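Asker: Sequence:
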Amino acid sequence: MKKKKGFTRYSGQDKVLLAIGYILLGLFVVAIIVPMIYIVVASFMDPIILQNKGITFDFSKWTVTAYERVMTNSQIWIGFKNAIIYSVLFTVVSVVITLLAAYPLSRADFRGKGFFNVIFMITMFFGGGLIPTYLVVSNLGLVDSMWAVILPGAFSVWNMTIARTYYRGIPQELREAADVDGASELTFFFKILLPVCTPVIAVLVLWQFVAMWNSYFDAMIYLNDSARQPLQLVLRSILIQNQPESGMIADMQSTAARAQLAELLKYATIIISSLPLLIMYPFFQKYFDSGIMAGAVKG
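Position in the sequence shown (from 1) plus 3 gives the number in the numbering used here.
By construction, these hints were calculated from the structure, which means they are not laboratory data.
The structure displayed is predicted, hence computed values, not measured ones.
All C-beta atoms in this analysis are idealised placements derived from N, C-alpha and C, irrespective of residue type, glycine included.
Treat each hint with caution, since some may be false.
Result set (DSBU-like, lysine-lysine): computed pairs, CA atoms no more than 35 Å apart in a straight line [said to hold, decoys possible]:
id: 1; residue 1: 269; residue 2: 84
id: 2; residue 1: 194; residue 2: 64
id: 3; residue 1: 84; residue 2: 194
id: 4; residue 1: 269; residue 2: 56
id: 5; residue 1: 116; residue 2: 56
id: 6; residue 1: 84; residue 2: 64
Computed spacing ranges between beta-carbons, pair by pair [unchecked claim]:
id: 7; residue 1: 80; residue 2: 158; range: 27 to 37 Å
id: 8; residue 1: 15; residue 2: 62; range: 47 to 57 Å
id: 9; residue 1: 227; residue 2: 68; range: 27 to 37 Å
id: 10; residue 1: 52; residue 2: 132; range: 43 to 53 Å
id: 11; residue 1: 77; residue 2: 40; range: 27 to 37 Å
Using the sequences plus the hints, can you model the full thing?
Answerer: Set out below in structure tokens:
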């Protein structure tokens with residue numbers, strides 16, 4: 004007898020719940036895809052047509068003016084280079100510190116584990132704030148350097164907890180076999196443990212890279228030299244420069260032109276700043292579920 008397939012093997016209640024789940028998932032997908040399509044199409048449209056008639060798929064009304072204005076700006080390329088440097092360095096520093104900090108806390112024989120766990124957890128609920136952090140960075144001589152952007156947020160207690168939980172899920176027999184073979188602590192960690200932890204490492208890399216790539220506030224606070232500004236801060240400056248000022252009432256034509264240009268640049272900058280993340284995500288997607296669920300299921 005052939006096995007039943009599809010919905011036929013589920014009860015009536017299961018079918019209803021699955022149908023509701025699929026409907027909600029479909030609505031969620033539509034809520035993501037529709038704004039993305041709107042932003043892509045709007046980035047190619049004339050701002051006057053966009054404001055009066057909305058988006059259109061008539062290619063004769065499309066224009067690449069926004070992309071030309073953005074891409075011909077030399078500061079964009081400087082910011083793009085800086086953003087890549089900051090994101091890569093921040094990711095490497097953060098992931099290395101996180102993995103090293105999580106390993107001893109995952110060991111049952113580590114003395115003082117409870118004390119350090121409490122210290123780390125306190126930092127998740129209480130922070131010094133902007134002014135004390137700025138004073139620390141300033142006293143260390145890091146203002147107007149890339150390390151002012153990279154170091155203050157390099158360690159995340161949440162990420163450390165995810166990595167620690169993943170370590171605990173690795174069979175103890177692996178450590179015992181390494182001890183029998185005479186492997187040192189460093190040999191076990193770098194040559195045996197880390198290769199097994201590829202899923203959680205991929206998740207941490209993706210999280211930290213995205214966090215730094217989208218960040219602009221720290222750069223705005225600590226960086227004064229425009230040659231060191233990342234892409235997000237450069238794009239923000241472009242939009243602000245093209246926004247009409249409140250006192251520009253005398254020249255209404257200039258005010259309208261700047262407002263239209265700001266509207267046009269807004270969508271193009273969103274596309275440009277999102278491309279690296281859209282390209283990067285598919286390479287990490289296969290590790291994402293296993294890395295996330297390791298920290299969600301185990302305590």
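Asker: Hints first: check each against the structure and report whether it holds.
Answerer: Hint check:
{"no.": "1", "hint": "269 with 84", "result": "21 Å, holds"}
{"no.": "2", "hint": "194 with 64", "result": "58 Å, violated"}
{"no.": "3", "hint": "84 with 194", "result": "33 Å, holds"}
{"no.": "4", "hint": "269 with 56", "result": "18 Å, holds"}
{"no.": "5", "hint": "116 with 56", "result": "63 Å, violated"}
{"no.": "6", "hint": "84 with 64", "result": "33 Å, holds"}
{"no.": "7", "hint": "80 with 158: 27 to 37 Å", "result": "31 Å, holds"}
{"no.": "8", "hint": "15 with 62: 47 to 57 Å", "result": "50 Å, holds"}
{"no.": "9", "hint": "227 with 68: 27 to 37 Å", "result": "32 Å, holds"}
{"no.": "10", "hint": "52 with 132: 43 to 53 Å", "result": "46 Å, holds"}
{"no.": "11", "hint": "77 with 40: 27 to 37 Å", "result": "31 Å, holds"}
The structure shown violates the earlier hints numbered 2, 5.
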